[in-house]
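The lines below spell out each chain.
2 protein chains.
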Amino acid sequence: MADHNALPLLVLTEQFARLPGIGMKTAERLAYYMISQSPEDVEAFANALISAKREIRHCSCCLNLTDKDICPICEDSTRDHSTICVVEGPKDVTAFERTNEYNGVYHVLHGLISPLDGILPDQLKIRELLARVQKGGVREIIMATNPTVEGDATAMYIAQLLKPMDIKVTRLAFGLPVGGILEYADEVTLYKALENRNEM
Amino acid sequence: MADHNALPLLVLTEQFARLPGIGMKTAERLAYYMISQSPEDVEAFANALISAKREIRHCSCCLNLTDKDICPICEDSTRDHSTICVVEGPKDVTAFERTNEYNGVYHVLHGLISPLDGILPDQLKIRELLARVQKGGVREIIMATNPTVEGDATAMYIAQLLKPMDIKVTRLAFGLPVGGILEYADEVTLYKALENRNEM
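Taken in sequence, the protein lines are chains C and U.
Following the numbering used here, the numbering of the first sequence begins with 919 at its first residue and continues without gaps.
Following the numbering used here, the numbering of the second sequence begins with 919 at its first residue and continues without gaps.
In short, the hints are calculated from the structure, not lab data.
Be aware that one or more of the hints could be misleading.
Which copy is meant is left open, because identical chains are indistinguishable; a pair holds if it fits in one copy or across any two.
[As the list claims (entries may be wrong)] Listed next, the in silico DMTMM-like pairs over lysine to aspartate or glutamate satisfying Cα-Cα at most 20 angstroms (straight line): (1) Lys1110 with Glu973; (2) Lys943 with Glu1015; (3) Lys1043 with Asp1070; (4) Lys1110 with Glu961; (5) Lys1043 with Glu1068; (6) Lys1043 with Glu1101; (7) Lys1009 with Glu932; (8) Lys1081 with Glu1117; (9) Lys943 with Glu1113; (10) Lys986 with Asp959; (11) Lys943 with Asp1010; (12) Lys943 with Glu1006; (13) Lys1110 with Glu1019; (14) Lys943 with Glu1117; (15) Lys943 with Glu1101; (16) Lys943 with Asp994.
Isolated chain C (complex conformation) (with noise of 0.2 angstroms):
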């Protein structure tokens, strides 16, 4: 941007386009749309970030993002807590969330195993996921990590973990997407649909 530019209106572009997905051009659209906001709602947009940033943490059991000590779903009693189901991060639980099949409890990793990226397994939440299975009552875990190389990796390394524990360790079926057009599927997903066929 130019330096005629007023520079509290730099600084705030800059912060908007530190943002993942957001350009420069973004940036300063969005700078100049708070600016012509109210004061207050632009003070509700601080606050929002602020408060969010003070309250949320991580749920003292299954590591999901809670503003309480026990997320909401750790704490219902009316769900199944002898299954867990173990995915990457929080966006995943809300996804399996949203289908509204699933009654067990979840435990999120904040992250996969990546050597490339320097991520290693005592950096994610393995850890905890093997305390709580030690505490007992667990039946079954289901790996649901992405079906990427990390994905994959990491869903195994935690199977061969539990294995000693004698636990049922699934993983999420693979297969055609539903409403997905075959002729565009890849050829990993057409072979996994294939090799995983159900009689009908």
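Once you've looked at the hints, dock chain U against the given chain C.
Chain U only, in chain C's frame:
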């Protein structure tokens, strides 16, 4: 978002979703991103919002956004204050400044006449422009609003008001964009390019 999500996170997501061009999915992603930043970084963002809104005002001369009483452009005595470039918004000033070719000053209308959207001439900074001209010392007014129905109408309207004041009023040239491809130009642009052709 599902109701299991923590309230402060939901509030922040909704704040992001209110920004223009940002949907719920992106807003969610941005909210999660902010949570993952350090408290200092989040506070810096919040402060940038607050201080931009508090410190940015309209230049008392050209009405561009600035954090001073008079903006640096209006205060610059090396610039030609007898030529005023009239633009729709502050972003247009930035665009002209980027050319490094314009040495006059600006006047920001903060909108265009658009009766269908309920924007009438009174809501624009036209009165302020006339007051500047009446003070004297102005030789040329360049109407640099967009080549749209609203932009043209606004330029025409202001030109009419300036007529009795005996001041040169000009309009930006319309034609092929530099680097543009002729076969992709729309008919009106091509017609304008033909009509305004120059001798080589």
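Status of the hints after comparison with the structure:
no.	hint	verdict
1	Lys1110 with Glu973	neither (43 angstroms within a copy, 59 angstroms between copies)
2	Lys943 with Glu1015	between (35 angstroms within a copy, 15 angstroms between copies)
3	Lys1043 with Asp1070	within (16 angstroms within a copy, 61 angstroms between copies)
4	Lys1110 with Glu961	neither (51 angstroms within a copy, 47 angstroms between copies)
5	Lys1043 with Glu1068	within (15 angstroms within a copy, 57 angstroms between copies)
6	Lys1043 with Glu1101	neither (39 angstroms within a copy, 58 angstroms between copies)
7	Lys1009 with Glu932	between (26 angstroms within a copy, 16 angstroms between copies)
8	Lys1081 with Glu1117	neither (29 angstroms within a copy, 84 angstroms between copies)
9	Lys943 with Glu1113	neither (47 angstroms within a copy, 33 angstroms between copies)
10	Lys986 with Asp959	neither (27 angstroms within a copy, 23 angstroms between copies)
11	Lys943 with Asp1010	between (30 angstroms within a copy, 13 angstroms between copies)
12	Lys943 with Glu1006	between (32 angstroms within a copy, 18 angstroms between copies)
13	Lys1110 with Glu1019	neither (23 angstroms within a copy, 61 angstroms between copies)
14	Lys943 with Glu1117	neither (54 angstroms within a copy, 37 angstroms between copies)
15	Lys943 with Glu1101	neither (38 angstroms within a copy, 28 angstroms between copies)
16	Lys943 with Asp994	neither (45 angstroms within a copy, 27 angstroms between copies)
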